[in-house]
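*Asks:* Dock chain B against chain A, hints included.
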Amino acid sequence: MDKIVKLWAKYSAVFLSGLGGTLWISAVTVLCGTLLGMLVALMRMGRCKALNTLSDIYIEVLRGTPILLQLYFFWIGLPKIVPFELSDTACIVVALVINSSAYVSEIIRAGINAVDKGQWEAAKSIGLSNTHVMTRVILPQAVKNILPALGNEFISTVKGTSLASVFFVGELMTSYKSVQSATFLALQSLTIVGVIYFMLNFLLSKLLKLLERRLMVSD
Amino acid sequence: MTNEILRVENLKKSFGKLEVLKGATTAIRQGEVVSVIGPSGGGKSTFLRCLNLLEQPTEGRIYFKGQDITQKNLDICQYRRKIGMVFQSFNVFPHMSVLENITLAPILEKKIPKAQATEEAMALLGRVGLTDKADEYPRKLSGGQKQRLSIVRALAMRPEVMLFDEPTSALDPEMVKEVLGVIGDLAKSGMTIVIVTHEMAFARKISDRVLFISDGVIKEEGSPDVMFTCPRDPSTIRFLSMVL
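Going line by line, the protein sequences match chains A and B. Residue numbering for the first sequence follows this note's numbering, beginning at 1 and increasing consecutively. Residue numbering for the second sequence follows this note's numbering, beginning at 1 and increasing consecutively.
Because the hints were derived from the structure by calculation, they are not lab data. C-beta: ideal position from N, C-alpha, C; glycine also. Warning: the hint list may mix true and false statements.
Sample of chain B residues at the chain A side, in silico, Cβ under 7 Å [to be verified]:
1) ARG80
2) SER89
3) ASN91
4) PHE93
5) ALA105
6) LEU108
7) GLU109
8) MET157
9) CYS230
Next comes chain A alone, as it looks inside the complex (with noise of 0.2 Å):
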């Protein structure tokens, strides 16, 4: 215990760098990812026969290959298809979206899937367009249904950055193996990194149950 106040008093500032990247790359991949997926589920449900099994085929790739698989492969193979620099942040970035787009799509489907048939036929009777069906009446209930799973999706997104650790990206895993190497108090960082994981999860967790309680209002 002593070991560790004494460990975070001389790396407060690497731990916090480290939590700063894991924000970031969280962040760019929650948004960025649901956005992707968005338009994934979109190309998924939609009229268009070979946007469907494209998306199928996405899908069923991402979420059948283990994740850092894939982050290996976008390191290495990215840089060689793009014509510009791009660090080894950026290639990780990418390969996180794109994996959790995979996921996020799959909840969205779900979702909309799950509201009932009557309300589709309902909202076309009164001669609302295709648009105001979804935007209006289908969406706002799915809402409901996908918001629950996805944050859990996120939460796992979180964690899932750890991954990038293994190719040195700045984030919190990394600065648990910088202190690591340079001062050798394994379980001690790595606790440090655990309780901070934690408290950003447990926060995360609790601003979603917010917001799905307001949701709700409704029911």
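*Replies:* Just chain B now, kept in the frame of chain A:
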């Protein structure tokens, strides 16, 4: 006939290999109240759902005031605004208040100002005795109240035809009357109505004409008095002897 509002010609609908409608032909006049009766699975609901294109007919034509609505380039949303529909399972929007349920489509699709849409919605709610529920969410309504709301939601678009798909089949017995009362009032007001129902007494009372649909075809049609007292088709006789 000049005051014909809907004409159905040789309407067929298949789901995969199953042919549910096998060629229905009839015409509905402006202000007419038509009841559709018949055994379950006979194609009554499919017939009704084709009328507002919730099901695309596989074959045949439907004309609304002379315009073919089965043609490819028709604006389906535009057409549906003229046809109201009430479902067996109410399908009110649970995430909106009673008032919002009603004003949603008029405001969005007819660009009616919110104040005016609200005023019209309140008048409609008054007609069905739900004025005090305007700000409630549907979860607080009984089945009968939900169905009255769904009727009013359809009426808010000022449709020219109202379709009812077994509107009382999902209701508790004590609530059937209040919903039938609203539909009866609507019939008296001159609205064109097509109603699929198992309420034979009600069908007999309000209808100008009764269609008997079985095995995907209109087996027999006629005035309610004739249909219920001396039906000719053997399947109509058999059906009525079982339900009356």
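*Asks:* None of the hints should be skipped; say for each whether it holds.
*Replies:* Results of checking the hints against the structure:
no.	hint	result
1	ARG80	holds, 4 Å
2	SER89	holds, 5 Å
3	ASN91	holds, 4 Å
4	PHE93	holds, 6 Å
5	ALA105	holds, 4 Å
6	LEU108	holds, 5 Å
7	GLU109	holds, 5 Å
8	MET157	holds, 6 Å
9	CYS230	violated, 36 Å
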